[in-house]
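Q: Between the sequences and the hints, there should be enough to build the whole structure, so can you do that?
One line per chain: the protein sequences are C and G, in this order.
Note that my numbering has the first sequence beginning at 1133, numbered continuously upward.
Note that my numbering has the second sequence beginning at 1133, numbered continuously upward.
Worth flagging that the hints you see were computed from the coordinates, not collected in a lab.
Any given hint could be a false lead.
Which copy is meant is left open, so a pair is good if it fits within one copy or across any two.
[As the list claims (entries may be wrong)] With a Cα cut of at most 20 Å, we get these calculated EDC-like pairs of lysine to aspartate or glutamate: (1) Lys-1267 / Glu-1214; (2) Lys-1169 / Glu-1156; (3) Lys-1273 / Asp-1257; (4) Lys-1267 / Glu-1173; (5) Lys-1212 / Asp-1257; (6) Lys-1267 / Asp-1289; (7) Lys-1180 / Glu-1156; (8) Lys-1162 / Glu-1173.
This one's a predicted model, so the numbers in the text were calculated from it and none came from an experiment.
Next come the chains, spelled out residue by residue.
2 protein chains.
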Amino acid sequence: MARIAIDMDNVMADLTTHYLNYYEAAYGVKVDPATLKGIPEGSGFPEKDAILGFLHSPGFFRTAPVIAGSQEVIKALSEKHEIFIVSAAMEFPLSLAEKLAWLQEHFPFISWRNIVFCGSKTIVDADYMIDDHDKNLRYFKGVPLLFTAPHNALLTDYKRVNTWQEVAAYFALDTVTAI
Amino acid sequence: MARIAIDMDNVMADLTTHYLNYYEAAYGVKVDPATLKGIPEGSGFPEKDAILGFLHSPGFFRTAPVIAGSQEVIKALSEKHEIFIVSAAMEFPLSLAEKLAWLQEHFPFISWRNIVFCGSKTIVDADYMIDDHDKNLRYFKGVPLLFTAPHNALLTDYKRVNTWQEVAAYFALDTVTAI
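A: Structure, rendered in C-alpha cells:
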C-alpha cells in the first residue's frame, strides 16, 4: 500500500473549463482553450485580472465541474492505497469551506482524516504526488506525477498523466467501477 | 534551520480556559480545572456533550484566548527556523475560516504558505512537532515535543514542554521580544 497525495484544482476539479465558462458569462467572450496551452495559469484571457477575480468570488470553487474519471479512479485507488487530498487552499480563504463541501458532494467516500488544505506543499510526506504544478512537484521527495493541464503543456521534467484512465493504468487498477 | 510543526488547539489557542468559560456561561457552573487533569479532553464536565457542542458552535474557535508566550516565542522561532502551523481542523468544518482569521489576528507574521489544516497528521514531514495529543505525536518521524495540557498530564512517553518559555529554552532562543 502506497500513500498517494492528490491535488484538487485541475486534477479533480476542472478549473480550465470553469475559467472559460465564467469568462464567457462575465465578458461575453468565448476564449479558445487551445490558446491557453503552455502559458501560465490564469493568463491568456483578454481581461488580465479576470481569473484572479473569479478565484476570489464566492461560489467559484463550490461550483467547479468534476474532471472525468476522477471519482471512479480515486475510489478504486482508495481501496488499495492510502490517498490524501492535498489542496493549496490557504491562498484563497473563501475556498476552504467551499472545497470541503465540494469534496463531500462529489467524493463522499473520502474521510475528513484524509484531506489537507495547505499553502506550501513542501510539508507533505507521501510516496506519490499527482499535481498539475511544477512548484508543488519540484520539492516532493516521492514520485511526482504531472497531471496534464493547459498551463503545463510544455513541461517535460516529470512522468505525465493525461487522464484519470492513465492514472488507473499507472497504478495497475484493473477494476474501476463507474460512479 | 529546522522545520517545526506547531499545533494550534491547546498549544497556541487556550482551549482549556475557553471550555471553562463557555461552560460557566452556558450552565452557570464553575468547573475546577484541576479536575480535568489526566482525563480525556472534553470530559470532566457535568454535562457530557457540552464540549462537543461548543466545538461545533459558530465563533468558538474564533474567540479562543491565546496561550501566554506563544506569540513572542513563535515569532522568534520563525526568524531562525521554518515553522508550519498544523491544525487538525477538518473534523470541525466551521473552524476552517475561524482558525485562519484567528491566526491572521494573533499571528499576522505567519504566511498562508506556512499554514496546514488537516485531518490525520501522519502526512506531515517536519523535524519537530509541538503538539498536545499522543495520537498526533505517535506516528511522527521527527522529534516529538508534548505541550502540556490537562488531558495529557499523565503521559510519560515524550519530552514535555510545559510553557512557551520552555520551548524557547529548548530551541536555545536567547532573544524573545514581547509582542
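Q: Give a verdict on every hint.
A: The hints, checked one at a time:
1. Lys-1267 / Glu-1214: between (23 Å within a copy, 18 Å between copies)
2. Lys-1169 / Glu-1156: within (18 Å within a copy, 60 Å between copies)
3. Lys-1273 / Asp-1257: both (8 Å within a copy, 10 Å between copies)
4. Lys-1267 / Glu-1173: Result: close within a single copy only, 13 Å intra versus 39 Å inter.
5. Lys-1212 / Asp-1257: Answer is within; shortest intra-copy Cα gap is 18 Å, inter-copy 23 Å.
6. Lys-1267 / Asp-1289: within (12 Å within a copy, 38 Å between copies)
7. Lys-1180 / Glu-1156: Classified as within: same-chain Cα gap 14 Å, cross-chain 54 Å, threshold 20 Å.
8. Lys-1162 / Glu-1173: Classified as within; 17 Å inside a copy, 55 Å across copies.
Of the numbered hints given earlier, the model fails none.
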